[in-house]
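Chemist: Each chain, letter by letter, is given below.
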Amino acid sequence: MTNFAMWSRLKSPWVIHFNSGACNGCDIEIVALLTPKYDVERFGIKLEPSPRHADVLLVTGSVTHQCAERLKRIYDQMPQPKFVVAIGACACSGGVFQGNYNVLGGVDKVLPVNAYIPGCPPRPEAIIDGVVKLLNALKAPPAPKTVKEPEIVVEKMEEVKPDAKQ
Amino acid sequence: MIDYLLLLFRVLVFPGFTFIVLFTMFCDWVERKFEARMQNRMGPSFTGPSGILQPIADFIKLLTKEEITPCESKRNVYRFAPILAFSVLVFALCFLPVDGNSIIPGVSFAGDLIFVMALVSVANFLLFLAGWSSSNPYSAVGAARVLTQFLGYDIPLVLLALAPAFLAKSLTIATIVSSQWLPFAILAPWAFVLFIITMQAELEKDPFDVPHAESEVVGGHETEYSGGKLAFLKLARDVQIVFGAALITVLFLGGANGPVPFGFLPQFWGTLWFVLKVLGMVIVSEYITVLFARLRIDQVVRANWRIILPLSVLSLILTISLAYWVFPLV
Amino acid sequence: MPNSNIDIVKILESKLSGKSVQILPGQLGTATIKVAPGDHRDVFRALVEADEYTAISAISGLDLGANLGVYYHVRTSNAFLTIEVEVPKNNPKIQTVNDIAPSAAFHELEVSDLFGLIVEGNPRSGHFVLPETWPEGIFPLRKDVNASEVKQNPPLPEEKSDEGKLVKIIIGPQHPALLEPEKFAVLVEGEIVKAVQPRIGYVHRGVEKASESRTYIQDVYLVERICGICNSCHATGFVEAVERILKTEVPPRGKYLRTIILEVNRIHSHLLTLGHAGLEIGYETLFQYFWRDREPIMDLQEMLTGNRVISSSLTVGGVRRDLKETDVPKIRSVLADLRKRLPFYTEIYQNEPSIRARMQNVGTLKREDALKLGVVGPVARASGVDIDIRKDDPYEAYAEIPFNEITKTAGDTWARMNVRMDEVEESIKIIEYALDHMPTGAYRIKVPRVVPAGEAISRVEAPRGELFYYVKSNGTTMPERVKVRTPTFANIPAFLTTAIGETIADIPPNFVSLDPCFSCTDR
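These protein sequences, in sequence, are chains A, B and C.
Heads up, the first sequence is in our numbering, so the first residue is 41 and it goes up one at a time.
Heads up, the second sequence is in our numbering, so the first residue is 1090 and it goes up one at a time.
Heads up, the third sequence is in our numbering, so the first residue is 17 and it goes up one at a time.
Just chain A, with the same shape it has in the complex:
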């Protein structure tokens, strides 16, 4: 992965939004991100209509049984490399709807999640902060290992003489 390619991925994350059973609160805060007061196009973030064009899947809502299959299908339609961001308390853990009969309780029951943004609903600033933290986490090189290499003590082995007796 050359630096140039990594730079382009960080500067141009295209998002797609899916509501898997949410009350709409998080969704209107996501749409508010595109409006003049918050304007995420500054970071190169574009809201794409088709899953095939997008890199980041923003999921809101405590996944209902009807939506679980569809959510998985949309995730599969996205090309690699892809990231999932769970926005809102419902997407993180089910929120107030935990334990309800039609609710799975959080996106990580269905998909691997890269970032959790809690809140009910999270403010647009919190969502931007979460996405920027996700991008920075991808940028940082893996932490260097601080484990000391174990000392290898080589014992001289006694030479085993072949048995003279047969």
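Warning: the hint list may mix true and false statements.
The calculated label-pair distances, taken between Cβ atoms and stated as ranges, are [unchecked claim]: (1) T1158/B / K346/C: 54 to 60 Å; (2) I1406/B / A426/C: 40 to 46 Å; (3) V466/C / A166/A: 56 to 62 Å; (4) V1166/B / K210/C: 26 to 32 Å; (5) G206/C / L1403/B: 31 to 37 Å; (6) S141/C / C1160/B: 30 to 36 Å; (7) P1138/B / T456/C: 55 to 61 Å; (8) E384/C / Y1376/B: 42 to 48 Å; (9) N169/C / C1160/B: 24 to 30 Å; (10) G137/C / T1158/B: 45 to 51 Å.
Not everything, but these chain A residues come out facing chain C in the computed CB check (under 7 Å) [what the hints assert, rightly or not]: (11) G65; (12) K77; (13) C132; (14) V136; (15) Y141; (16) N142; (17) V143; (18) C160.
Since the hints were made in silico from the structure, they are not lab data.
In this text the structure is predicted, and so the values were computed from the model without any measurement.
All residues carry an ideal CB built from backbone N, CA and C; glycine is no exception.
Go by the hints and put chains B and C onto chain A.
Modeler: Just chains B and C now, with coordinates in the frame of chain A:
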């Protein structure tokens, strides 16, 4: 030998392929910033100084993504349509005189205006094929709309493009440019305004944005594309916009004509004037885009046959009578 | 408010004298009518003949032990009736009233899905609100079902249906036009829509069942999160019903504060829809401008309630926070700025040619159809049906505050957006009047935790229309049954009829003019 190297430089670097691609990306940035500013926002700001590297970042990112081919698509057409559309449009741009001479030098021939317009139709048809071969209902509807729109609006486009041809008494683009001692936009303003509107429809921008209607057909003909093919599809659309602006410049605004201070480095100044005029046309086109909502497909078709076509015929008649009876008297 | 002086109770008493009908005035609305199953159709026939405004607001299903209660909540031009029918659980059959009152279709299917009611004449194929993986024969809202432990079936494969030469285009569950998931299969021929088949239930979170295992105060938070956009209205509906069971009266200052919060909610919701409509017709600039002007209103909501979206400011007995005197000038200045911007937007919606081209004569709903289908809210008012709960059945402080009810007659998408545009102006007037005449005193009273047994209904005019709540308590700290009927649930059947005969391109503006909120629909 030097001639061959110079030719290669001209075609591949400046003012050829590399220049076209970089200029297209620059125009994309200008469009996005302008649209953002009109909407009270800031647009791309952090990728490079004031976001100028944003289109390049988008392009490279798309190239690094996985390419998914739907199993029910028509493989070969699906694979080659984007890059072919891009190539045809770049080839068509090579016939336009950017710095006084066409990009591939010496290829201008009598009637190359018609040839260039035909190439644009081929490119649009390839975009239609891209959508049709995707085996997705949204792509099919989007592709059908692309076809309906460009086939309809090609006719008034050619009729209006004949106006400068009659004023210059030639169908060769180089002759049209060189005979503009006064830009034809001033001599035939009706044709100029109508050509801008028709070009807006040909480029599928608001209010004629139907094939890209996000809320109706998701991604239109681009829906199933991903990765590198999507990068070239989007680049083809941007090159199409630059080509449209360049055609307006060449036909109506005098191409690379402009004052050359001290007669020094005419090629540099020619290119500069050309670039500035094309940017001006891109901004005008984006301004119209931002101001209007999207019309329905039947309204677009009706606008074509009932308004634009009769007006373009009238404009042709007016220009011919002006060219043959009024101007020789002047 | 329809000005009619039809005395519906007298008419029913005279028409139904021979049947086994019990009319109890003053309960659950204007009157409660207890009938035997089978005779309920006669009641409906009498109602529909007497009053053209008759429409079913909701059908509440109840689990009454050995029987299933089917309560039809009907609104007429000047009354609100509840028709109670009971059917035995081991033979839960009832005849449909959909042929007499077409507004019943969706409600009957829902009760059938959640309670197991078999409605003869309106059969349910597959699940309506429950997911497709839900096993048949288990009805989650019955008391003996532990719904959280039901094992789901594996998901069904995609069924390929042959529609002949019609192309099926699926809108949703993930679609740029929809913020929320629902599936609408649109059958088109060329570009003309021939039929629309909806599938709802993607956002069904089982709120009604969950509310039975939480206390009343916890339920306020649960019920608010049915919909983020009209959250205060849900809270209002619930707490009003509980207060009616408790027979407590909220102090006047509390009522005025609630009114202000509700109207701020209405303004933000209407600005959201007006901007979203721009996005649907490709007019991004309009969308950006509207949402830019919506941000000061969100700041207002934050100042009044502490949160931008989910306000959590209403509680049983009043509101949780008082209005500070130092905040009042800020509120007035924000409203004054918005009032200055409104003529610009009204001008655009009235005169911009591309908006008129896309919205006029699109999705026209005629007045008779609006009355028959029982649509509510701005959709009804744009078709000339003058129903507005704030005027018809005033709650909170609306009885004391003068304002206009906005109606138009065209019934198309354009008229609906204009109704919302004008209602923003009216809401500003209401808030300013409330601020000028704010009573002093307490804003909240303490209520007991245990609510005595009883039942009550409440209706609230949410931004999208009539929001209906029915709460039944059994003398414990948790409610026995909470039934919610949201305005979009009543309006979706209208979309199914207005979309037919128009092009695919007309679906987004038509749809947005309904102002659909699926999280409300599915609960």
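Chemist: All the hints need checking, so say for each whether the structure fits it.
Modeler: A quick look at each hint next to the structure:
| no. | hint | verdict |
| --- | --- | --- |
| 1 | T1158/B / K346/C: 54 to 60 Å | holds, 57 Å |
| 2 | I1406/B / A426/C: 40 to 46 Å | holds, 42 Å |
| 3 | V466/C / A166/A: 56 to 62 Å | violated, 39 Å |
| 4 | V1166/B / K210/C: 26 to 32 Å | holds, 30 Å |
| 5 | G206/C / L1403/B: 31 to 37 Å | holds, 32 Å |
| 6 | S141/C / C1160/B: 30 to 36 Å | holds, 32 Å |
| 7 | P1138/B / T456/C: 55 to 61 Å | holds, 58 Å |
| 8 | E384/C / Y1376/B: 42 to 48 Å | holds, 46 Å |
| 9 | N169/C / C1160/B: 24 to 30 Å | holds, 28 Å |
| 10 | G137/C / T1158/B: 45 to 51 Å | holds, 50 Å |
| 11 | G65 | holds, 3 Å |
| 12 | K77 | holds, 5 Å |
| 13 | C132 | violated, 14 Å |
| 14 | V136 | holds, 5 Å |
| 15 | Y141 | holds, 4 Å |
| 16 | N142 | holds, 5 Å |
| 17 | V143 | holds, 5 Å |
| 18 | C160 | holds, 6 Å |
When held up to the earlier numbered hints, the structure conflicts with 3 and 13 and fits the remainder.
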